[in-house]
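Novice: This is what each chain is made of:
2 protein chains.
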Amino acid sequence: MSRGILFVLSGPSGVGKGTVCSALRGNSPELVYSVSATTRSPRDGEQEGVNYFFKSREQFLHMIETDALLEHAEYVGNFYGTPRDFVEKTLSEGKDIILEIEVQGAIKVREKFAEGVFIFLMPPSLNELKQRIVGRGTETQATIDHRLSVAAEEMNLLHHYDYAVVNDEIEHACSRISAIITAEHCKRERFLGELFQQFETASVADNVLKR
Amino acid sequence: MSRGILFVLSGPSGVGKGTVCSALRGNSPELVYSVSATTRSPRDGEQEGVNYFFKSREQFLHMIETDALLEHAEYVGNFYGTPRDFVEKTLSEGKDIILEIEVQGAIKVREKFAEGVFIFLMPPSLNELKQRIVGRGTETQATIDHRLSVAAEEMNLLHHYDYAVVNDEIEHACSRISAIITAEHCKRERFLGELFQQFETASVADNVLKR
Chain A
1 MSRGILFVLS GPSGVGKGTV CSALRGNSPE LVYSVSATTR SPRDGEQEGV
51 NYFFKSREQF LHMIETDALL EHAEYVGNFY GTPRDFVEKT LSEGKDIILE
101 IEVQGAIKVR EKFAEGVFIF LMPPSLNELK QRIVGRGTET QATIDHRLSV
151 AAEEMNLLHH YDYAVVNDEI EHACSRISAI ITAEHCKRER FLGELFQQFE
201 TASVADNVLK R
Chain B
1 MSRGILFVLS GPSGVGKGTV CSALRGNSPE LVYSVSATTR SPRDGEQEGV
51 NYFFKSREQF LHMIETDALL EHAEYVGNFY GTPRDFVEKT LSEGKDIILE
101 IEVQGAIKVR EKFAEGVFIF LMPPSLNELK QRIVGRGTET QATIDHRLSV
151 AAEEMNLLHH YDYAVVNDEI EHACSRISAI ITAEHCKRER FLGELFQQFE
201 TASVADNVLK R
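First to last, the sequence lines map onto chains A and B.
For the first sequence, UniProt numbering gives the first residue as 1, with consecutive numbering after it.
For the second sequence, UniProt numbering gives the first residue as 1, with consecutive numbering after it.
The hints are simulated quantities; they were obtained by calculation from the structure and are not laboratory data.
Just to be clear, a hint being listed does not mean it is correct.
Which copy is meant is left open, so a pair is good if it fits within one copy or across any two.
Result set (BS3-like, lysine-lysine): computed pairs, CA atoms no more than 27 Å apart in a straight line [to be verified]: (1) K187 - K55; (2) K17 - K89; (3) K89 - K112; (4) K95 - K55; (5) K187 - K112.
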């Protein structure tokens, strides 16, 4: 059985990663979605191993120390991270896994998991991104300014990625991501391994072909 | 306008390149198909510039000398080749072009056109390829033996290609090739150029984003 592929979907704040990922989940039920570990308390209805792996602060710090996380970050006093073993287990079962994550986290994952396929979700234009951030409405000017400057910096991280998908319409973005998943499975390197196995099974290709 | 992409579809004899390419032509009318130059005479209904570019032997030799062909070969006393200018013109118009070609020709194209995307059409298994070659029926045993040994050698050329597509069913093969075409357009390198243009048009990204 061939190993699955890790796909990382990322992009600047406000580009619509979550919405695209939800739509993709509906379209591609065969994809496994990475489950994060967190130190925050479960909310009503959240299930261990489905929504999150819930950890104590001590357990989480131990995971950091033992390199058991592909990346982690702290938000509002709680830790969030990507457990390496869940990703590894899924891939070794021959299933693809997708990880939706902020750009800084994605770059950390790339350092530990260079064979992953990194997809950058882009706004249709820089102006469009601006409109989306400003358009949320309720934030103060200071918050908007901060978000805009973060987004501008995040756009500059495109060169760390393998692919860029423009989020012009959710369905278009999803079908491009699906095409990338299909194409990655057609990459020659993945076949050389399988072909080699066939050759081995068949002893030598010439013997198979020449009766 | 961004430049088109050259896709080269190749694979061992008997794998079904022509059939897949015809089906693809039906599915993807926006793709331009490369037109070969030849020294053979036009048959009834064949049109200059549609089926072939018809050339005299002298004209063809001049094209070889002036490096006007991406590859060429001689079959049964006639020359066949891929004119570079038709490929270049199509790409510069922002259109993708696909070239269906034998494996030896594809490797020559790669030498002159490294930025092309090379797709290797594979039989579902080595045994299947054998059945297809033998199954044609009318050939002598010597011809079959020769074809089988050529096909075995051709399979070894997979490592020159970017992608491998298994021709298990024509529709599946076509949809994988279409996915590769979509994914190649999402490659990060192609976006860095476009993004750079946007940045230039907008002077500096920060100015756009920060009003």
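Novice: Determine for every hint whether it applies to the structure shown.
Specialist: Verification of the supplied hints:
{"no.": "1", "hint": "K187 - K55", "in the structure": "neither (38 Å within a copy, 38 Å between copies)"}
{"no.": "2", "hint": "K17 - K89", "in the structure": "within (25 Å within a copy, 38 Å between copies)"}
{"no.": "3", "hint": "K89 - K112", "in the structure": "within (16 Å within a copy, 43 Å between copies)"}
{"no.": "4", "hint": "K95 - K55", "in the structure": "within (25 Å within a copy, 53 Å between copies)"}
{"no.": "5", "hint": "K187 - K112", "in the structure": "both (21 Å within a copy, 22 Å between copies)"}
Consistency with the previously given hints fails for number 1 only.
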